[in-house]
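**Q** Sequence:
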Amino acid sequence: MPLIEVNECDKLDAVVPDAEFVLYEKKLAERKPEWSFSIVPGFFKQSAPETDDATYDPLQDHLGLAEGLTWAAVVAKLSALNKAVADPSRERYKLVFGARHGQGYHNKAIEIFGLEAWSEDLCHKTGTVAPDGEKLVWGPDSLLTERGEQQAQLVNDAFRKEITEYECPIPTQLFSSPFTRSAQTLCITMDGICVKNEITEPDRPLLAKERLHPIIKEDLRETIGAHLCDKRSDRTTFEKRMKGWGFVFEDGFAHDDIYYKDDWREPIHQQAMRANSFLQDLFSDTYAADEVVYCASHSGEMKVLIAVTGHRRYTVPTAGMVPMLVKAVRN
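Numbering (our numbering), first residue to last: 6 to 336.
It should be emphasised that the hints constitute simulated quantities derived from the structure, not laboratory data. For each residue, glycine too, the CB sits at the ideal point set by N, CA and C. Hints are supplied without guarantee of correctness; some may be wrong.
As the list claims (entries may be wrong) - With a cut-off of at most 35 Å between alpha-carbon atoms, the simulated DSBU-like pairs for lysine-lysine come out as follows:
{"hint": "1", "residue 1": "214", "residue 2": "332"}
{"hint": "2", "residue 1": "166", "residue 2": "16"}
{"hint": "3", "residue 1": "37", "residue 2": "50"}
{"hint": "4", "residue 1": "16", "residue 2": "37"}
{"hint": "5", "residue 1": "82", "residue 2": "332"}
{"hint": "6", "residue 1": "50", "residue 2": "16"}
{"hint": "7", "residue 1": "32", "residue 2": "82"}
{"hint": "8", "residue 1": "130", "residue 2": "266"}
{"hint": "9", "residue 1": "37", "residue 2": "88"}
{"hint": "10", "residue 1": "50", "residue 2": "88"}
{"hint": "11", "residue 1": "332", "residue 2": "37"}
{"hint": "12", "residue 1": "248", "residue 2": "266"}
{"hint": "13", "residue 1": "88", "residue 2": "332"}
{"hint": "14", "residue 1": "16", "residue 2": "130"}
{"hint": "15", "residue 1": "214", "residue 2": "50"}
{"hint": "16", "residue 1": "245", "residue 2": "266"}
Stated by the list, open to error - Between beta-carbon pairs, the in silico distance windows are:
{"hint": "17", "residue 1": "130", "residue 2": "81", "range": "48 to 58 Å"}
{"hint": "18", "residue 1": "205", "residue 2": "34", "range": "46 to 56 Å"}
{"hint": "19", "residue 1": "95", "residue 2": "134", "range": "54 to 64 Å"}
{"hint": "20", "residue 1": "134", "residue 2": "315", "range": "40 to 50 Å"}
{"hint": "21", "residue 1": "170", "residue 2": "88", "range": "20 to 30 Å"}
{"hint": "22", "residue 1": "77", "residue 2": "218", "range": "25 to 35 Å"}
{"hint": "23", "residue 1": "162", "residue 2": "32", "range": "37 to 47 Å"}
{"hint": "24", "residue 1": "291", "residue 2": "140", "range": "36 to 46 Å"}
Full structure from sequences and hints, please.
**A** Now the structure itself:
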């Protein structure tokens, strides 16, 4: 059985209902956003209609690089697109590596007990005991399972190979959901590439020219409310768990989870608005120099991030990653 593979729950999680997307577009028009987004086609197989997302393994295929392309060509084209713009303040291009966290204990519970048991009962609990006696704890703020860590390491291995053997660009900016499982995934995926733990491995060499400090963004968190796995830890707990990795918090980040409610689940169109807000910030002047970025989030967040960029629907398994060449045009 492959470490990273699409299951039935992943397929359901990838769907944005038409009615929700219509609501999103209505709300977005009311907000009058600064930027509009689209996908530049032809660079990655994940955006090609003929690619079967249920079976395709990008880790065995240069992370999804389109046939006949090299990473050097992608980097050159990305740079050329940005340089060719008459007014850089009105049009920008970025390569975004959008990643889902590896398997968490909530994902494992769904695999063991089924989606119905999860949705009707287990999602409102902090954990349970598996039939084999293993204690599963997923709330609040589930950690990665051993399998989840192994999945992220597999992505690290693939990334390293693409960088060292095929000239894949290293991201110059990293972002993470405030949930521990996403931060863990980011650290394992980028360990030795552009991040390291300054406490346990202060002298570890990096493939990048300098160590990056991942930025925590609330807009990248999973669907808010009702499911205790989607209630985040407070800031102090996160800092203890991720000590040494150099995470920084966005301005205004609250110590406690001020958004979670036990009796409310965030509608998909509202989550899509959050994903759009993340992109608005990403393409602002703050990150204008960062042409290649990586963000670690969740199945629900990847679903809407994919939708609001105009990318085709794509199922992302645990630890899956979708590279997207995103074009932003100022409205």
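**Q** Does each hint hold? Answer for all of them.
**A** Outcome of the hint check:
no. : hint                  : verdict
1   : 214 - 332             : holds, 27 Å
2   : 166 - 16              : holds, 29 Å
3   : 37 - 50               : holds, 32 Å
4   : 16 - 37               : holds, 32 Å
5   : 82 - 332              : holds, 13 Å
6   : 50 - 16               : holds, 18 Å
7   : 32 - 82               : holds, 34 Å
8   : 130 - 266             : holds, 14 Å
9   : 37 - 88               : holds, 27 Å
10  : 50 - 88               : holds, 25 Å
11  : 332 - 37              : holds, 18 Å
12  : 248 - 266             : holds, 28 Å
13  : 88 - 332              : holds, 13 Å
14  : 16 - 130              : holds, 24 Å
15  : 214 - 50              : holds, 29 Å
16  : 245 - 266             : holds, 24 Å
17  : 130 - 81: 48 to 58 Å  : holds, 52 Å
18  : 205 - 34: 46 to 56 Å  : holds, 49 Å
19  : 95 - 134: 54 to 64 Å  : holds, 57 Å
20  : 134 - 315: 40 to 50 Å : holds, 44 Å
21  : 170 - 88: 20 to 30 Å  : holds, 27 Å
22  : 77 - 218: 25 to 35 Å  : holds, 27 Å
23  : 162 - 32: 37 to 47 Å  : holds, 41 Å
24  : 291 - 140: 36 to 46 Å : holds, 43 Å
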